[in-house]
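Novice: What follows is the residue order along each chain.
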Amino acid sequence: MYFFAIDLTQTTIDGLLFGSTYALVAIGFTLIWGLLRILNLAHGVTVMVGMFAGMLSATIIGLPFYLGILISMCAGALVGFLIDRICYRPLRAAHELVPMIATLGFWILIEEVFIKIYSKFWFRDYVPFANPFDGAGLEIGQIRLRGDYLVTLAVATLLVIILYFLIYRTRLGLAMRMIAEDHDIGSLMGVPVGRVLTTAFLLSAAYGGAAGYLLGMTANLAGPYAGSQAVVKGLFSMILGGAGSIPGAIVGGLSLGVLELQSSFLFSFAYRDAIAMLALFLVLIVRPQGLVGKRTADRI
Amino acid sequence: MSKRQKTELQTIKLRGLAGALAVSLIAGSTVSAQAFQDDGTIILCSIEPLSGIGTSFGQPNYLGKVIAVEEINAEGGIEIDGKKMKIKLISEDDQAKPEQGVPLFRKCAESDKALVITGTQYSRVTESMWGLLQKKVDDPNDNGLQVPSMSFLSMKAGVTGVSEWGFRNAGDEPAQHELAIKLMEERYGPFKNYSGAVEANEGHSVAAWKVAYLKSLERRNIKPSEYVEWYEADRDFSVQIRKLKRANTDFFILSSHVQANVGAMLEAQRQGFKPKIILSHIGSDAMEMVELGKQSTEGIVFPTAIHMAFPPPKVKWLADEYKKRTKEAYMPQFVGLGYEGIMIVKQAIEKAGIKNRPETLAADRRKVRDQLAAIRDYKSFAGMTLNMNANRDIVRPTYLVKITGGDFKLYWTPDKGFLF
Amino acid sequence: MSYWFTIAALTGVNVLLAYSVYASFMSGQVSIGQAAFFGVGAYVGASLTVLAGFDLMSAVLVAGIAAAAASVFVGVPTLRLKGYHFTIATVAFAEAVRVILHNTKYGRPRASGNVGDQWLGPDGATGFRHIGYLNDNGISTGQYAVIVWSIVLVVVVAFFLVERSRIARILRTIEEDEVVARSIGVPVARYKVIAFVCGGFIAGMSGALYAHILTFISGNDFVIHLSTIALAFVVIGGGQTMWGPLLGAVLLTVIPEILRPIREFRIELFGLLIILVMLFRPTGMISAITVRRWGSALAAKARAKRPTQAF
Chain L
1 MYFFAIDLTQ
11 TTIDGLLFGS
21 TYALVAIGFT
31 LIWGLLRILN
41 LAHGVTVMVG
51 MFAGMLSATI
61 IGLPFYLGIL
71 ISMCAGALVG
81 FLIDRICYRP
91 LRAAHELVPM
101 IATLGFWILI
111 EEVFIKIYSK
121 FWFRDYVPFA
131 NPFDGAGLEI
141 GQIRLRGDYL
151 VTLAVATLLV
161 IILYFLIYRT
171 RLGLAMRMIA
181 EDHDIGSLMG
191 VPVGRVLTTA
201 FLLSAAYGGA
211 AGYLLGMTAN
221 LAGPYAGSQA
231 VVKGLFSMIL
241 GGAGSIPGAI
251 VGGLSLGVLE
261 LQSSFLFSFA
271 YRDAIAMLAL
281 FLVLIVRPQG
291 LVGKRTADRI
Chain V
1 MSKRQKTELQ
11 TIKLRGLAGA
21 LAVSLIAGST
31 VSAQAFQDDG
41 TIILCSIEPL
51 SGIGTSFGQP
61 NYLGKVIAVE
71 EINAEGGIEI
81 DGKKMKIKLI
91 SEDDQAKPEQ
101 GVPLFRKCAE
111 SDKALVITGT
121 QYSRVTESMW
131 GLLQKKVDDP
141 NDNGLQVPSM
151 SFLSMKAGVT
161 GVSEWGFRNA
171 GDEPAQHELA
181 IKLMEERYGP
191 FKNYSGAVEA
201 NEGHSVAAWK
211 VAYLKSLERR
221 NIKPSEYVEW
231 YEADRDFSVQ
241 IRKLKRANTD
251 FFILSSHVQA
261 NVGAMLEAQR
271 QGFKPKIILS
281 HIGSDAMEMV
291 ELGKQSTEGI
301 VFPTAIHMAF
311 PPPKVKWLAD
321 EYKKRTKEAY
331 MPQFVGLGYE
341 GIMIVKQAIE
351 KAGIKNRPET
361 LAADRRKVRD
371 QLAAIRDYKS
381 FAGMTLNMNA
391 NRDIVRPTYL
401 VKITGGDFKL
411 YWTPDKGFLF
Chain Z
1 MSYWFTIAAL
11 TGVNVLLAYS
21 VYASFMSGQV
31 SIGQAAFFGV
41 GAYVGASLTV
51 LAGFDLMSAV
61 LVAGIAAAAA
71 SVFVGVPTLR
81 LKGYHFTIAT
91 VAFAEAVRVI
101 LHNTKYGRPR
111 ASGNVGDQWL
121 GPDGATGFRH
131 IGYLNDNGIS
141 TGQYAVIVWS
151 IVLVVVVAFF
161 LVERSRIARI
171 LRTIEEDEVV
181 ARSIGVPVAR
191 YKVIAFVCGG
201 FIAGMSGALY
211 AHILTFISGN
221 DFVIHLSTIA
231 LAFVVIGGGQ
241 TMWGPLLGAV
251 LLTVIPEILR
261 PIREFRIELF
271 GLLIILVMLF
281 RPTGMISAIT
291 VRRWGSALAA
301 KARAKRPTQA
311 F
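Chains as they are written, first to last, in our numbering: chain L, 1 to 300; chain V, 1 to 420; chain Z, 1 to 311.
In short, the hints are calculated from the structure, not lab data.
All figures in this text were calculated on a predicted structure; none of them were measured in a lab.
Honestly, I wouldn't trust all of these hints.
[Claimed, not checked] Listed below are the simulated DSSO-like cross-link pairs for lysine-lysine, each with C-alpha atoms no more than 30 Å apart in a straight line:
1) Lys97(V) x Lys105(Z)
2) Lys294(V) x Lys327(V)
3) Lys120(L) x Lys416(V)
4) Lys135(V) x Lys120(L)
5) Lys215(V) x Lys105(Z)
6) Lys136(V) x Lys274(V)
7) Lys136(V) x Lys105(Z)
8) Lys192(V) x Lys136(V)
9) Lys120(L) x Lys245(V)
10) Lys120(L) x Lys323(V)
11) Lys135(V) x Lys105(Z)
12) Lys402(V) x Lys416(V)
13) Lys136(V) x Lys120(L)
14) Lys274(V) x Lys120(L)
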C-alpha cells in the first residue's frame with residue numbers, strides 16, 4: 001500500500017512532466033488550427049526537422065542546449081515557411097480540406113526525401129541525441145523528477161509565456177486574434193492577412209522545431225519517423241484540451257501524459273490507447289470545445 | 001474555339017492519355033518475361049523492406065543476398081543441364097506493408113516468373129504473402145500459387161505453418177531461448193523472479209513471448225513475477241520499469257526491438273533497475289543498442305545465427321565486404337542470413353536438376369521446393385551444419401552474444417561453451 | 001497478369017473505401033475514421049468464412065451490416081458536433097477500435113498447427129491467420145477482381161441514382177447550411193445518421209474484401225493513415241460529384257504501381273502529385289463544373305447523332 005501510494009504519485013508527476021512534450025507539439029498544431037481551421041498534417045515534418053537540426057547541433061557539433069533549441073526553431077520555421085508557400089497560400093480560397101490534403105502530400109514528399117538523404121549518411125534507423133540532463137534530477141523524498149523532463153517543462157513554460165506576450169501584447173497578436181474571429185473582418189480592418197498568416201506558420205513551425213529538439217533529447221535518439229509518431233499524440237492533446245486554444249493545448253498535453261501513464265499503471269497497458277481514445281471521444285461528445293476551450297457562439 | 005471543338009480536343013487528349021496508360025501497363029508486364037526467354041538466366045526474386053520501418057534489417061539482408069549473387073555470377077553462375085547460367089536477382093521493396101507485399105509476390109510469381117522468391121523478412125508481410133501460396137503441396141482443390149519462397153528472417157513463430165511452399169532460414173526461436181535460459185540458470189542461477197517485457201504492437205515479439213519464453217517458463221513451473229508491455233514508438237517507460245523493479249526481477253526477458261529497448265534500458269539505468277540477467281532476441285542485434293543505449297544496454301544477452309567473430313575466413317570476408325559497402329564496422333546477423341540463404345537456394349537449384357525453360361517452370365519450381373524441403377547436412381559458409389526440419393524451418397546451432405564494453409561479443413558457442 | 005488482377009482488386013477495395021467517405025461527405029460530415037469500419041468489416045468478414053463456413057458474398061454482406069452497426073455508435077452521439085469536431089471524434093473512435101481489434105481473441109484451436117500456429121481466428125496481437133477462402137475455393141485473382149468490381153459497380157450505380165434524386169439535394173443542403181435545411185423541414189438528424197451508416201456499411205464490405213486478398217490481418221493494419229488516405233481519395237478525385245471518389249481512388253492506387261520501375265522515388269512522386277493536384281485543381285480532378293460540361297457535351301453529341309440514326 002505504501003509503495004502503491006508512492007508509485008501513484010510518481011506516475012502522476014511523471015505523466016505531467018512527460019505530457020509537456022505532447023503539449024509543445026500540440027501548441028504548434030493549435031496555432032494554425034485557431035487561425036485557419038486547418039489540420040496541418042505536415043506538422044510532423046517540422047518536428048522531425050527540428051529534431052535533426054537539434055541532433056546535428058547537440059551531438060555532432062556539440063553546441064550548448066539553448067543554442068541548439070534556437071537552431072531547431074529556425075530550422076522548423078524554415079519548413080513552416082515552405083508549408084505556407086506551397087500548401088496554404090495558393091489555396092486560401094479553396095475548401096478547408098484542400099490545404100489539409102496538400103499538407104498530407106507535403107508530409108509524404110518531404111518525409112521520403114528526408115529519409116533518402118538521411119540514409120545516405122547513416123546506415124541506421126536511429127542516431128544518438130546528446131542529452132546533457134540525463135541522469136540529473138530532483139529527489140523529493142521518495143519521488144524522483146527526471147532532469148530532462150524538468151528542462152522540457154521549463155522550456156515549454158517559457159515558450160508559452162512568450163507566445164502569450166506575442167498574442168496579447170503586440171500588434172501582430174491583435175491582428176491574429178482578429179483573423180481568428182473572422183478573416184473578412186480582419187482584411188476589412190486593414191490587417192495584412194497574408195503576412196500575418198505567414199508569421200503564424202513560422203511561429204507554429206518554430207514551436208514544432210523546439211518540440212522536435214526536446215523530444216529527441218528526452219528519448220536520447222533521433223529517427224526519421226519520430227516526427228510522425230509524435231505528431232499523432234500532439235494532435236490528440238490539442239483536441240482533448242480544446243482545438244484552437246493555447247491553454248487547451250497545454251491542459252490536453254498534460255492530461256494525455258497522465259492518462260497514458262496512469263492507465264498503464266492502474267489498468268492494463270494493452271488498452272492504454274483505447275482508454276485514452278475513449279476518454280477523448282467522450283470529452284468530444286460532452287464538451288465538443290475540449291476541456292478548457294471556449295464555446296464557439298452558436299449561430300442561432 | 002467553339003465549345004464543340006473544345007470537347008473534341010478533350011476527348012482526343014483523354015484518349016491519348018488512356019492509350020499511354022495502356023501501353024505502359026502492357027510494357028510493365030511483359031518486359032521481365034522477355035528477359036527470361038532471351039538469355040537463359042535464373043530468375044530469383046528478392047522482396048525486402050528496403051524503405052520504411054523494416055529498413056534496419058531489410059537493407060543488411062538484401063546486401064547479403066547481393067553479395068552472394070555477385071559472387072555466384074563472378075564464378076559463371078549455377079550449372080543447369082551442363083551449362084552455367086547466371087542469376088538475375090529482381091529486387092522489390094515492400095516497405096514492410098502487406099498491401100504492397102501481396103501484389104509484389106504475385107508479380108514475382110507470375111509476371112517475373114521467378115524460380116524462387118526470397119523474402120520477405122518482416123513477419124507481418126510474409127504471412128500475408130505466403131497466404132497466397134498453395135497450403136498443401138499436390139492439393140488439387142487449392143489453386144494457390146506454387147512457387148518456393150524462402151524468408152531469411154520472419155522470426156515470428158508459426159509463420160511457415162501457412163504453406164508447404166514457404167521455408168525459413170531464421171533458426172528455431174523457442175529452442176534458442178530454451179537453451180539460453182538453461183545456460184543462464186546453470187551458470188548464474190538460481191533466480192527468484194523471472195519477469196518479461198513485450199513490445200505489444202509487434203507480432204514477432206508477442207509471438208516470441210507466448211511461444212518461446214512463456215513456454216520455457218511453464219516447463220519450469222515458473223509464473224512470471226511481473227509482465228509489462230510497451231509499444232515500439234513509446235517514449236516513456238517509467239511505469240513499466242518501476243513495476244519490474246518492484247517485482248525484484250533478477251531474470252529479465254526483453255522481447256522487444258531496438259527503439260523501445262534503448263528507451264527502456266535508459267529508464268532502467270535512471271531507476272537503478274539492474275537485473276542479474278537480461279535476455280533479449282534478434283531485435284537487439286543493431287548498433288543502435290550500444291550507440292544510443294551506451295552503458296545501459298551492457299549485459300544484454302541474445303541468441304544469434306551468424307556472428308562476425310565466427311572462425312571461418314569466409315565470415316570475415318563477408319564482414320569486410322559489408323563494411324566496404326556500408327562503412328559499418330559491426331555486421332548484424334541479417335547479412336549472413338541473406339548471404340547464406342542465397343547459397344542454400346543455389347545448392348537446391350543445382351541438386352534439383354531443372355531445365356530452366358519457360359515451359360518447364362512449374363516442374364522446376366516443384367523440384368527446387370522438394371530439394372529445399374530435403375536439405376540435410378548443408379555446410380554453411382559460417383562453419384556449421386544445417387538441416388531443414390518438418391516445419392520447414394532450418395535448424396541451426398544457437399550461439400549467444402553479449403553486449404560487453406560497447407560491442408557485441410560472442411558469448412557462448414556449442415563447441416567451446418562460455419567464452420568469457 | 002494476376003499481379004494486375006490483384007492491383008485491380010485492391011483498387012476496387014479502395015474505391016469502396018473512398019465511397020464510404022463520400023457517403024457522409026455529401027452531408028458535410030468529414031470522416032477520418034473509416035479505418036474503424038473497414039477493420040470491423042475485415043475481422044467480421046474473415047471470421048465468417050474461416051470460422052463459420054459462410055460463403056464469400058454473405059460474409060461480405062454481413063460484414064457490411066456489422067460495420068454499419070458499429071458506425072451507429074459514432075453517427076448518433078456525434079450528431080450535434082459540428083464540422084471539425086465531428087472529424088476529430090471519428091479519429092478518436094477509429095483509434096479505439098484499432099486497439100480493441102488488436103487485443104481481440106476468439107476462435108478455436110487448430111489441430112495440426114506448427115508451434116506458434118495453433119489457433120484459428122484472431123489471436124490478439126499475433127493477428128488473424130489462414131484467411132484462405134480464395135485458394136480453398138479455387139477462386140482465381142481474375143475472378144476475385146470481377147467479384148470486387150461487381151460490388152463496386154453496384155455501389156457506383158447506387159450513388160449515380162442517389163445523385164440524381166431528391167436525397168442528394170437534401171444532403172447537399174445540409175452540407176451547405178444545416179439551419180436552412182432544418183427550416184425547410186428536413187429531418188437533418190435522420191439524414192445525417194443514415195448517410196454515415198451507409199458509409200460504414202460500404203467500408204465494412206470493403207474491409208471484408210480486403211481481408212481475403214491479404215489472407216492475414218492484424219489490428220494494427222487499420223491505422224489513421226489509412227483513414228487519411230481514404231479521405232484523400234475523395235478530395236483529390238473531387239468531392240462535389242460521385243465521379244470524384246472513383247477517379248481519386250483508381251488513380252492513387254494505380255499510379256504508385258505504374259511508377260514501380262522508378263521505385264526509388266515513387267513515394268516522393270506520389271506526395272508531389274497530391275500537392276500538384278491540390279494546387280492546380282483545388283476542387284479535385286473532377287469538379288461539378290467538369291461533370292456538367294462533359295454531360296452537356298455528351299448530350300449534344302447524342303442530339304447530333306440522333307437524326308443520323310433515324311435515317
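Novice: Determine for every hint whether it applies to the structure shown.
Specialist: Hint check:
1. Lys97(V) x Lys105(Z): holds (23 Å)
2. Lys294(V) x Lys327(V): OK: Lys294(V) and Lys327(V) at ~20 Å, within 30 Å.
3. Lys120(L) x Lys416(V): violated (40 Å)
4. Lys135(V) x Lys120(L): With Cα atoms ~41 Å apart, Lys135(V) and Lys120(L) exceed 30 Å; violated.
5. Lys215(V) x Lys105(Z): holds (19 Å)
6. Lys136(V) x Lys274(V): violated (48 Å)
7. Lys136(V) x Lys105(Z): Cα-Cα ~26 Å, so holds.
8. Lys192(V) x Lys136(V): violated (45 Å)
9. Lys120(L) x Lys245(V): violated (41 Å)
10. Lys120(L) x Lys323(V): Holds - the C-alpha atoms of Lys323(V) and Lys120(L) are around 15 Å apart, at most 30 Å.
11. Lys135(V) x Lys105(Z): Judged against 30 Å, a Cα distance of about 24 Å means the pair holds.
12. Lys402(V) x Lys416(V): holds (15 Å)
13. Lys136(V) x Lys120(L): violated (44 Å)
14. Lys274(V) x Lys120(L): Distance of about 37 Å is beyond 30 Å: violated.
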